[in-house]
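Read off the chains here:
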Amino acid sequence: MHKSTCRQPWTAVPSTLLLAFAVLTGSALHAESDLTPPSREYYAYVCAESEDEVALVRFGPSGIEVTKTITVGSFPAETEGPHGINISPGGRYWYVSIAHGNPFGSIHKYETGTDEWLGDVRVGMFPATLDVAATTGLLFVVNSDFYGDHVPSTISVVETATMTEIAQFESGTMPHGARFSRDGRKLYSANMMDDELVEIDALRFEVGRRLKLGRTTHSASGHGRHGDHADSPAGHGAHGQPSVEPSWVTSPTAGGLVYVTALSGNAIYEVDTSAWKVSRRLETPAPGPYNAAVAPDERLLVVTYKKGDSVGFWDLEEGREVARVPTTRRIPHGVAITSDGRFSLVTVEGVGGEPGVVEVYDNGAFRRVAQIDIGKQAGGIALWERN
Amino acid sequence: MPKEAEDEPRRAEALLRVEVDVTIPNPPVESVEIVGLPGAFYSGTHLTLQARVVDITDVVRDDVEVVYSSSNSGVAAPDGFGGLDLVAPGTTTLTATAEDATSQVDIRVARNPTQRIELTASAEEARTGDVVWFEAVGRDASGNEVEDLPIRFLAAGQAANRILAPGATAQIEQDGAFVAERSGIYTVTALAGGHSDSVPVRVTPRRVNKEIEFVGQGKVHDRRTSDLWVWEGTDGRDYAITGTWGAEGHAYIWDVTNPESIVLIDAVRVDARTVNDVKVSEDGRIAVISREGASNRKNGFVVLDVSEPQVGVRILSRFDDQLRGGVHNVFIHEEHVYALSNGRRFDVISIEDPTQPHRVGRFELDTPGHSIHDVWIVGGVAFSSNWEDGVVAIDVGGAGMGGAPNNPVKLGSYAYPSGWNHAAYPYRSESTGKFYVIAGDEAFPYGELGRDPRAAPPRAAGWIHVISWDDWENPREVARYQVPEAGTHNLWIEDDIMYVAYYNGGLRVVDVSGDLRGDLYRQGREIGMFLPYDSQALVPNSPFVWGPQPYKGHIFFSDWHSGLWAVKLKDPEDPNRIIGEPH
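Going down the list, the protein sequences come from chains A and B.
Once you know that position 116 of the first sequence is 118 in the numbering used here, the rest is easy, because the numbers rise by one and skip nothing.
Once you know that position 550 of the second sequence is 721 in the numbering used here, the rest is easy, because the numbers rise by one and skip nothing.
These aren't lab readings, by the way, just hints derived from the structure by calculation.
A couple of the hints might just be wrong.
[What the hints assert, rightly or not] Computed footprint of chain B on chain A; a stretch qualifies when at least three of its residues, placed anywhere within it, have a C-beta under 8 angstroms from a C-beta of chain B:
hint, segment
1, 102 to 108
2, 203 to 213
3, 264 to 276
[Unchecked claim] Some chain A residues near chain B, calculated using beta-carbon distances under 10 angstroms:
hint, residue
4, Arg42
5, Glu43
6, Ala169
7, Phe171
[Claimed, not checked] Only pairs whose alpha carbons sit at most 30 angstroms apart, straight line, appear in this in silico DSSO-like list of lysine-lysine:
hint, chain 1, residue 1, chain 2, residue 2
8, B, Lys605, B, Lys381
9, A, Lys309, B, Lys469
10, A, Lys111, A, Lys70
11, B, Lys739, B, Lys723
12, B, Lys469, A, Lys214
13, B, Lys390, B, Lys739
Quick reminder that beta carbons are idealized off the backbone N, C-alpha and C, glycines included.
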């Protein structure tokens, strides 16, 4: 049974009980005092990484509910870890990365609506974030290899009609986050352990440009320990110590700006992809910015603070956080903004046996207006335009 | 490209697509070689030919047709089925062809001096499942043994009359090992060059069946139970520790001194969703529990002080360095923890000071896409289970090959085609002294995920592979234990009895005494089975047995849906009672 609040928050429930108020500061983005209920329904597919489930969550005038849970993976007695999720550009399919395998993870394809499983393909180590290019239909997934030795990992390219991996090329150490440019020619991703943003040539399947965001320190032994025996049996696997750990990159704005969260750098980097340079570095007042999304009007940036158990709302014109709301449980993870810009849907992992949570925030009032429990360790989230 | 690149938010699926059929052939064969020929060839005999085929990538291929021909079919003639009839004295050139590769070998066929075949058996009577060893020699006119005479064994017979439509009932392998699945009278025949000899053998039912009766249960109904370990505490009482799966990171400590009354005495909770494995040190003082699904994604394992369970179990230390991806299984051996790291390798961590664990070594295969699922250590040799890479034996100090915890040395490996290798239990037979590794599968090929407590549990497949492994370089799979329509998980062997957690198939207890050949299930070696039905279980009345351990006359096992169980074997009330049909 899923636990929810705010089934009809605008009419039936005292706001003091249900609305999480933000810490607000003066800004051009004014917090609206009145909440306007949603006039339509929104759907999101959400991963529960430690439940091996994907939940289909509906939020709308009648509140929020889990309309369906889809068990994913292929090994009932193992936790396989659905991590990243996305919808095909036409909205017909959803794709989920299954992080754990033997040893390689996989991408599974489902039809939206029916949620019928259509196929899968094995990719690299711990596939995480994925995106599908609207122009080519190719799916790119970063093989984050979170738990291996910190050696360069890869990005897989999947042809989605046949679910065939057609390429796998090296990107960097622990790639995470992946978002296409609007024309599908470029993919942006962050290499967490290399402190860098990369721009992938999505037609040539190779890294085109790298942008250093921090100063990774490398040990004397350098990269690479493979084979039966480590060169130093008692040695440690960390070959590079990142200084900022970029963990996410947003989809490029119309003007070609992307925003990169720096998990341990406690900063957000605004990168001008045309000039290929950092145009602004925004210090975050809360630790551990992890995922982020830009609203359609490109004025608002919503950030999850993984180490700060809160959600931040940033005025991009002024370059400062205008509101921050604590999450209901610990470890916020993903964020997606509805296509009309009105709401942000945030996932919160929770700890141990706690359920994961999908929280809905009003982007005008910077308030949480709904929440619902899903399976353990809520993570990847993708909005589905049902109609 | 779309006409409007800025056409947000949705565009059609890929707008341009060209499909091209691509055929990828296997690499061409580079060489073929006839191998395994005897030292002498005698007219009137028959050989089975073998060839070694290697392609241009240096892969030995067994999927390429080999065609044999002879330059003089009056001397030797291939039979079209991979055999060679040696027709008459003379010389001929044998040619093997695989794709475009050929090789030749000249042979000289001599007159067959054999005058008679002598066949002897190691026993005249046996039970189903017992291996009877046959030896055959050819004698010439002087009574001397004819060297290199190719002798073929055949077995035929009649199952006991009361067994109707018995199907295949017995087998003999060409090393002379005969084993019957059904009781009856059988005749083994040795053939060579028109000479033969036959010996009958009487096979009786094995009659090892016992009943398994319920003794006690430590109920866990609100979450799934994973592995277990039962041990004698320093206070002389008996304890068990069980893990939990997909829950809140608990390990439960039970007092099982009286198995009829299993008492939960403590619970340890760590930051994890799954405590998949639990192990206790040889002296009963230290336990190690594995972690998966830690909220901070730093999994590793946790070391517990279990020296005084009645007083309480304490966490001594946590270790997650390079083990953050999840530790699925662990083993404790001589103050070292062997812990799986992210399914890729095992790390060796010293717990000589259990409050200060530190890594001393690691072992990782170098095969493409290698993966590891389990490791078990006996006598300083680690046996890892590696899915497609099969079972790997590694010297960690006991094999005399230079291995040590800080320097694991690979001894050998054995893989089988399914790639389902999940567990391995090394065992030296008490009755024969032979060394086996009993490998278990894990597979769920039917596509059901079944995690919904309201739904039926998934169905597993897979079986037990008996690997004869007296020579590290020459492991050989000699037998199987396969329960139809069910699948294996963990196993334990003690006193020549194998205990298998068979998921939906419940607990299985199997007689593995003596030599092992053929299908142990069909031979009537199963001593008993127990299905832990529990109407209050997480999934009611749905056995899903995870792991067994025999202990002080009882059998403890964990069930995914219902917790810890204790059962015991007892003689059947009616020894003549037959369930189904007799063997």
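- [ ] If any of the earlier hints don't hold here, list their numbers in rising order.
- [x] 2, 3, 4, 5, 6, 7
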